[in-house]
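S.K.: The chain contents come next:
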Amino acid sequence: MATQTVEGSSRSGPRRTVVGDFLKQLNSEHGKVAPGWGTTHLIGVAIALFAIFLSIILEIYNSSVLLDGISMN
Amino acid sequence: MGLPWYRVHTIVLNDLGCLLFVHIMHTALVAVIFYPSDHSYEGVAGAHILFSGLCFLAAIWHWVYWDLEIFCDNRIGKPSLDLPKIFEIHLFLSGVACFGFGAFHVIGLYGLGIWVSDPYGLTGKVQPVNLVGIASHHIAAGTLGILVGLFHLSVRPPQRLYKGLRKGNIEIVLSISIVVIFFAAFVVAETMWCGYFQQEIYQRVSAVLAENQSLLEAWCKIPEKLAFYDYIGNDPAKGGLFKMGSMDNGDGIAVGWLGHPIFRDKDERELFVHQGDKIVRADTPSKRAESNYSVKPVGVTAEFYYGELNGVSYSDPAIVKKYARHRATLKSDGVFRNSLRDWFTFGHASFALLFFFGHIWHGARTLFKDIFAGIDPNLDAQVEFGAF
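Protein chains in written order, with my numbering: chain A, 2 to 74; chain B, 24 to 411.
Fair warning: there could be bad hints in the mix.
[To be verified] Among the chain A residues that face chain B by a calculated CB cut under 10 Å, a handful are:
#, residue
1, G14
2, S29
3, K33
[Stated by the list, open to error] Listing some non-contacts, in silico: residues in chain B with all C-beta distances to chain A over 10 Å:
#, residue
4, T33
5, L43
6, T50
7, I83
8, C121
9, H128
10, S159
I should point out that these hints are in silico values taken from the structure, not numbers from a laboratory. Note that the coordinates shown come from a computational prediction; the quantities given were computed from them, not determined experimentally. Where is the CB? At the ideal position from N, CA and C, for every residue including glycine.
Chain B extracted, bound-state conformation (with noise of 0.2 Å):
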């Protein structure tokens, strides 16, 4: 009778044309969804809706002609596809892709710049890439991409390797594409979780301020969606996803922004909330006795800059220290509510776990296919089973 649900896609194993159309027909869709922001060129949307038509006509030729003789292999009159070969083209040609887009696209040696979005998708609009990394990093990457392409083009597996790793098995290809997704969701959900919000925000204060601008014109930059992700309580790490009751007064849906406040002693030190090894100058001490940096001798103050508390300066320890402990200088109604960046988060850890499960769950089917199958360990012939 038909095949249960869950081994519904193997079809396409037997059939070539089916395997390549599947995955032509996958490109198309993610091509055409997507989507710049408002702030793209249409040529780039465009772009890519073209491309995914072409990809779509791809896809159904090469299910019509299934039976290509590229595909068949002489010696056995049967359909092979040499899985190490094709990993080596690919190499190489995305060797290819990653330098050329590094060398031409991205410098604008040949091409239009670079279009993309800031490293936390916040703006989304055409701007110049000053980072010299990001250039830099398809070159290389680029550059050994296709040095070690060429090198797999020359050089076939050893035995040893093919015979353990399965590398005749197509099963293997899908457990180690399952690793990339998972290790990039991985990584985003990281970053999303901990954040590297406020380190951004200070470089492109400094940057500003490099420029000899003023304080304020340096925070009217930051973007409020950018302060918005900085601020503690949207944090997953400091309880921020799925909040219940009200831990505190003064916590909840941001409705405002007071403005950025900097802390600075009576020397006109600059201090910073207390992130990480730097020198104390100011703290809020447990006992009397231990008081020699508490806020008032030390003479803290507290000055906004840009918000609705612009210009604005306390110098009351009590005011001070709310403000510097809660880094909440957001507004609120007391309410408790998500953010995008706890769904973001959540989200993609949830997705990387599942992959991580999906790379286990088809390593393992793949390097132990046989004693499933009920064949003895000990059989020492070169055996492949679902050789595609």
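Okay, chain A solo, but in the shape it has when bound (with noise of 0.2 Å):
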């Protein structure tokens, strides 16, 4: 296949526009990581947490855990 190469080029850069100049910080640190373990112990807690009230939430429903007041007819 022949391919022919054309030096230089009159475009000088990828399109700017407005919001794209407003957003560019939002994606100019990628792979920008904490170091370590960083808040990992942090996100265990908070998913140990949200899956004990899926667990209170669902046996409620269920008539597992009965409460005062709340009677599921």
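Bring the two chains, given one by one in their own frames, into a single complex with the hints.
M.R.: Written as structure tokens, this is what we have:
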């Protein structure tokens, strides 16, 4: 396949837009991380608490947990 | 040469304008096929079509102007996407939308009130939402989404999790998105399979009775579709899926509704067909010696409300037992058919399983990509493949 390259280009780069300039900061930290384990323990606690919450509301709805003033009929 | 057919969609990965285009176009198409039922506000339909049209135009714009500076990473001179940040932005916006929906639209504080189908898609018209749960759930979930979104805005992911979960690789995002789909599909398939129709029926009847209306008026208000879904012959868990041959007489296509039977013993206590931990007052004994609670001595009667047998009462034990046993108050021609409930369950369960497989597939591809490509697993540098 014969290809021809053209040296030089009149393009000055990717297109800039008003919205893009506003949002550029939000797409400028690719690959940035906190060192080591960071906040992993925090999310672990949050996941556990959420799981407990879901179990509670499930068992209330299932009448496995009975609370005064809440009747399932 | 060309790509194998199962890889053709990968062409959007290195062209971010194209990637954005396909997602917006998908949204446009989903919005346009949203079809509210006959009882909807025309404005709702119109708004969705308008939204769809705008999405279509936005999609085209993004396809044309694919090379945007915002996508370009100055450090490497090539496009890149900060996936954790994108996640945070969408979580925050979803939280705002969810909260706003609950606090304003549902309650009617700012909005038309709410247009929903009832939980079973039966009536699909504008109706006031007196269920506190819907509004409060959206307010609570929306608040949580906003707070968690703001948290993720200010904190970057730990290096261990970024590397361990391949957070720079867009295929992991695909894998997680698939989870949401199959989860929802399993939930609705399970609901249709096991059904909450009887509970819904009794809730509606109780609500009407609480307003001091008669039993007949209460049962008048039960939509036939809901009663049909409750019909035990349609329950997939009771062999209602792809029934073949007649299991007994009098089961098959429904041509009418005999009515709702209420069973009472001779003390006028209302009895229910056994479905759980209730006190047993009448049963069908297998031996004469166990016949204390047999239907005849207990004096069980069956009286019908609404339907073709409205007002009719039976005290003959054989007839009472027939109606108690089958809950089969739909007249039939003895021919077996499928029902909407069966097909809904089958379709959603099938797709849920497919999407579960898809989740495992794309998750595995992401997590084991380096092994598949023959890279030394002991290689320690932060190497990312298919970075977008």
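S.K.: Evaluate each hint against the coordinates.
M.R.: Comparing the hints with the structure gives:
no.	hint	result
1	G14	7 Å, holds
2	S29	7 Å, holds
3	K33	5 Å, holds
4	T33	20 Å, holds
5	L43	12 Å, holds
6	T50	18 Å, holds
7	I83	15 Å, holds
8	C121	16 Å, holds
9	H128	24 Å, holds
10	S159	12 Å, holds
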